[in-house]
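Engineer: Two chains, two separate frames, one set of hints: put the complex together.
Read top to bottom, the protein sequences are chains D and V. Those letters in the first sequence? Residues 1 to 310, by this note's numbering. Those letters in the second sequence? Residues 311 to 666, by this note's numbering.
Honestly, the hints are just simulated from the structure, not real lab data. All residues carry an ideal CB built from backbone N, CA and C; glycine is no exception. There could be a bad hint or two in this list.
[As the list claims (entries may be wrong)] Below, a list of computed lysine-lysine pairs in the DSSO-like style, where the Cα atoms sit at most 27 angstroms apart:
1. V:K414 <-> V:K554
2. V:K583 <-> V:K339
3. V:K457 <-> D:K130
4. V:K362 <-> D:K112
5. V:K554 <-> V:K457
6. V:K643 <-> V:K550
7. V:K613 <-> V:K658
8. V:K634 <-> V:K666
9. V:K457 <-> V:K491
10. V:K554 <-> V:K643
11. V:K370 <-> D:K112
12. V:K634 <-> D:K112
13. V:K573 <-> V:K491
14. V:K491 <-> V:K613
15. V:K554 <-> D:K130
16. V:K414 <-> D:K112
17. D:K120 <-> V:K411
18. V:K428 <-> V:K411
19. V:K643 <-> V:K491
20. V:K583 <-> V:K573
21. V:K485 <-> V:K457
22. V:K428 <-> V:K666
23. V:K550 <-> D:K120
24. V:K370 <-> V:K339
25. V:K573 <-> V:K457
26. V:K554 <-> V:K536
27. V:K573 <-> V:K613
28. V:K457 <-> V:K339
29. V:K536 <-> D:K130
30. V:K554 <-> D:K120
[As the list claims (entries may be wrong)] Beyond 10 angstroms from chain V on every Cβ pair, some chain D residues (computed):
31. I5
32. F7
33. L88
34. V115
35. K130
36. E178
37. G184
38. N186
39. I287
40. R292
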Amino acid sequence: MIVDINFVGLIIASIMASAVPLILASCGELITERSGVLNLGVEGMMIIGAISGFALMTVTGSLIIAVFGAMLAGVLISTIFAFLTQTLITNHVATGLALTIFGIGISAMIGKNFVGIPGKEFPVLFEGLKDTIPLLSPILFGHSIVFYFAFALPFITSYFLKKTKIGLIVRAVGDSPESASNQGINVRFVRYACILYGGAMCGLAGAYLSMIYTPQWIENMTGGRGWIALALVVFSTWNPIKILIGAMIFGGLTIIQFHMQAIGVRIPVQFLTALPYIVTIIVLVVISRDSRKIRLSTPSSLGKSFHKDN
Amino acid sequence: MHKFLIRSFVSSLVLLFTLTVAAVAKDVKAAFVYIGPTGDHGWTYQHDVGRKAVEAAGFKTTYVEGVPESADAERVLRQLANSGHDIIFTTSFGYMNPTNKVAKEFPNVKFEHATGYKREHPNVATYAARFYEGRTILGTIAGTMTKSNVIGYVASFPIPEVIRGINSFTLAAQKVNPNIKTKIVWAFTWYDPGKEAEAAKALIDQGADVIAQHTDSTAIVQMAEKAGVYAFGQASDMDKFAPKAVLTSVENNWGPYYVDRVKAVANGTWNQKDTWHGIGDGMVVISGLDSQIPGDLQAKVKKLQADLASGKVHSFTGPIYDQKGNLMVAEGKTADDGMLAGMMTYVKGVEGDIPK
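Only chain V is shown next, with the shape it has when bound in the complex (with noise of 0.2 angstroms):
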């Protein structure tokens, strides 16, 4: 008994020497809960990268895939923050009460939100990408590139983010082409590659001769590659998918910011705030455009990305108006972020309702 008492007290003692080394050396240790899995290829694809970025700068990195945006994310999230982790990325909307729940009651760990709103503690911050920008340029490339002038559109769920896009991608795909028409097609899933490619079918025998899309798959631009139509990749580069169809994607590029923040908790600089990153930042990336697009169109395309960059142009410049005709953005002014981040109405020239 004397015995063992001494050598759980010499054990405790390591351990808390262990503790305290790991403590002073800052070794901070980086969480990401994801939404689906990191086999996806799409979303939470993108959102791995950007962790395996995290780690090539040499910090530790620890996720948990397909995390339901119930109590069990607050239940994932307080093992991750009981566990010695100084930060965790939280990559879907429907986290933000349970991260804010959390981050209370562990005011030392800090906490980033992907797409949220809500930073109720000071150790909650929130990030988004503007790839609204990006459909800017895909909706300048459909609008000259189309000769059916039917553009389809395969939409996810509808919510601000995806509407953005679509009035986005409209805006820029009618300023170069008046008589443009876009038809939308609602999958209601993220990504089930079989009715993706059902929809885009649809789509195509309809007329489309350019697919745009905003779920995650690579069945829409396979299927486009096939029909021999037109598409652009979604969040990560498809081009490989599609060699003849992809004219570009979209790429999430979340890495630089993740590093950005880890290493601004090990050197004791992280602060509160709420980043919304686009081209200029370079979160949102455009890929490599294809040799099909003419060359004035690629420099005009080149030019677009550089203002857009710089934030000469854009992407809701008014005047803009609703499907009713009421003004949404005056001549002149350009939407601010409160109206982007709530943005639930068609801009003129959309065809159909959104679904309630």
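The shape of chain D in the complex, shown without the other chains (with noise of 0.2 angstroms):
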């Protein structure tokens, strides 16, 4: 086997950045889902972006724009989702089901027109310093403004939470919504916010497939990471920095499986493919079950509808 310092620092690399989509997907549920609002509706929001975001790259030849419009996209579906849940009091989960199967049907119909056509390459940042630190070069240096994003978005998302004053509405709202409700806050609002924004780092999630990771549009192309990021948000309790973890393992393991298959070891490949679904869930049950802790981070009132005259 070959211990080449760079090649630990090439792995750890692919790892961080199939662990990207899931991080920012989970992100923006866990703020959705931290302000009461149960959203299944995440791959449905990340196909949607997927698309969008190809489909302006192709059409406008702009990367900003299609970044941008994949996340317009995701906001305009997940106010589609806002609109039914918090105005029209629809059950929760049966909207966000019904969300995902109407994004990946739609974003079929749109892609029809795009499928064959190659991607844009998009740029990265620091790639003159790509050679200069053994081990941290390839981990640090040449990735795409949304890989960085996508690793401060964790504690960025935990700061605002804990730290800030909007963070304690949002937690408010979804612990309590009464309580939040005759403190004058606008429950309705603040849930509608939160979901437009999971709605927002969904479709970035999405495009960094379509546009930055496998530069291409296919059919479901999404492959089922949407639920894994809801998984995440689960598993992890909550928590914005056990949410990165957990999507390393993820990442790490589904990589380190096909570098085990190439070596050669002999363990059946089908127990190898499941690994990655088994440890994650396992480690993050082991980190996370301090009964009471969990108990303080799980939004009470989590897809519960809330009617202002009860």
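Structural biologist: Quick look at the structure:
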């Protein structure tokens, strides 16, 4: 086996790159859930972001328009969810599932004309520094702006929820919408905002897949990553830093199992393929087993509709 | 009431007349059943290109995409057979039993099943392509172009089709370069760009400088382009996705066969048969060779292509041994179609075990 230090750096860099969409979508969904709304439409919002980003990039040729357009598309589709669940008070679970089915269908429809078109190259930062420090260089340098943003996001999210007044309001709305409402907080407005923010992050996660990670459009290209992102939020017990850990373990095992196959480790391949799912759940359950903390961080009113007049 | 009866009598007469005219005019309608979406830019996409060729030849076509290989397939087939289709193409292995079952109920409708072997009723034909011939060409190019002598291969599922491809590729590569090593990674998916890219990256990080694939998306050739190694396109010409990396592609070309068979129905000459076409019949097409392939290799590949087409060269010519050293094909002999269709053992030189 090759024990080159730069080889290790390369593997870590690929693990981080594969974790980016999970981190983005999970951190977005985390804010939504912290406000008490369970949106199971992550996969649908991601795939809408993926096709919107790719289509805008192909049509306008501008990467900036494409990235922001994908986020806007995520916002727009989550507005449907917000309107249904917050204004029309529909069931969160059913509406979220419908959103995913809708997203997959409509993305396929829009995408018909974009199959078989190569994507554009996305610019990377600090490429000149790529060979300066052993081990660390491939990890730190030569990535897209979205990559750096994704790794800052868990910390920003954590700070936002713990240290800012708006973060406190979001948590209050998620834990006890009645009390928050009595304090004069517009619960519906806060939840709308959190849902739309979640949509924007899922849109960005989708755009990362179709524009940066594997620059192309094919149907269903998110491949279930939205569901993994959802699971990460729950198993991380609504903690953004643990989302980061979970996403790295998941991405890590996916990539390491390919390396083990290529080296010729004699473990059944089916087991290796299942490994990321099993280990990620076990690790997150183990590091989050303090039941008092789970109770504290679980949004008490998650998935429950809130009527202002009761 | 009286008026109503007359009106319905007249309208049913008109309807009957229309139906009769339609039947007399031999307006052949063809239907296609797809396993994936037509937007996969791979397997289903290529079948749909074939369908469009049938349209262009002046026939009406219908397609149903994303049909699971379950009882759903039967329902879809029955509905297509009931709604006036004369010939139905079922384009995935798992449709084998549903196709035969429904064919029994509709003896006047022709059924064509891709990649299967069951023809239980006179109105069922089967067809497949000898993709392994294309992989003989890829193996020859890969074995010559590699500098690290490590070739990566991203595989999908352990079925004879894929094993046959790996064997054919490895035999050809070893023939031109006995020192090469083929590293195989099973992605357990036909298309998931993210996973395919990760599998390719792992192989590249481990020193592979040529990557072959038996999954459908373009993610692998794009990853190869980024990493500066060579790759081959799958199912369709993928050159525009990775102009520097892609040396050539093996394309699935179903159009001519589809047009032939639909025309046969129109002429009343359709018959049951099993078709297994390769390079010679144009069902497997090698895209243009990249200019990075040196002139002598280009000439060699062109000759090999012509010899495979004429049948002078067979991808599986003995002596061929399996991994344990048992003789599979004797010297001077070639593997027969029965052996190829059920091939579930690696040839000597392929590393690792087939996932069970």
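Engineer: Against this structure, judge whether each hint is valid.
Structural biologist: Evaluation of the provided hints:
| no. | hint | verdict |
| --- | --- | --- |
| 1 | V:K414 <-> V:K554 | 51 angstroms, violated |
| 2 | V:K583 <-> V:K339 | 20 angstroms, holds |
| 3 | V:K457 <-> D:K130 | 24 angstroms, holds |
| 4 | V:K362 <-> D:K112 | 15 angstroms, holds |
| 5 | V:K554 <-> V:K457 | 16 angstroms, holds |
| 6 | V:K643 <-> V:K550 | 40 angstroms, violated |
| 7 | V:K613 <-> V:K658 | 26 angstroms, holds |
| 8 | V:K634 <-> V:K666 | 17 angstroms, holds |
| 9 | V:K457 <-> V:K491 | 12 angstroms, holds |
| 10 | V:K554 <-> V:K643 | 38 angstroms, violated |
| 11 | V:K370 <-> D:K112 | 21 angstroms, holds |
| 12 | V:K634 <-> D:K112 | 48 angstroms, violated |
| 13 | V:K573 <-> V:K491 | 47 angstroms, violated |
| 14 | V:K491 <-> V:K613 | 25 angstroms, holds |
| 15 | V:K554 <-> D:K130 | 22 angstroms, holds |
| 16 | V:K414 <-> D:K112 | 36 angstroms, violated |
| 17 | D:K120 <-> V:K411 | 48 angstroms, violated |
| 18 | V:K428 <-> V:K411 | 11 angstroms, holds |
| 19 | V:K643 <-> V:K491 | 25 angstroms, holds |
| 20 | V:K583 <-> V:K573 | 15 angstroms, holds |
| 21 | V:K485 <-> V:K457 | 16 angstroms, holds |
| 22 | V:K428 <-> V:K666 | 24 angstroms, holds |
| 23 | V:K550 <-> D:K120 | 11 angstroms, holds |
| 24 | V:K370 <-> V:K339 | 5 angstroms, holds |
| 25 | V:K573 <-> V:K457 | 49 angstroms, violated |
| 26 | V:K554 <-> V:K536 | 9 angstroms, holds |
| 27 | V:K573 <-> V:K613 | 33 angstroms, violated |
| 28 | V:K457 <-> V:K339 | 52 angstroms, violated |
| 29 | V:K536 <-> D:K130 | 14 angstroms, holds |
| 30 | V:K554 <-> D:K120 | 15 angstroms, holds |
| 31 | I5 | 13 angstroms, holds |
| 32 | F7 | 6 angstroms, violated |
| 33 | L88 | 31 angstroms, holds |
| 34 | V115 | 4 angstroms, violated |
| 35 | K130 | 13 angstroms, holds |
| 36 | E178 | 42 angstroms, holds |
| 37 | G184 | 45 angstroms, holds |
| 38 | N186 | 39 angstroms, holds |
| 39 | I287 | 25 angstroms, holds |
| 40 | R292 | 37 angstroms, holds |
Figure legend: structure checked against the earlier numbered hints; hints not met, in rising order: 1, 6, 10, 12, 13, 16, 17, 25, 27, 28, 32 and 34.
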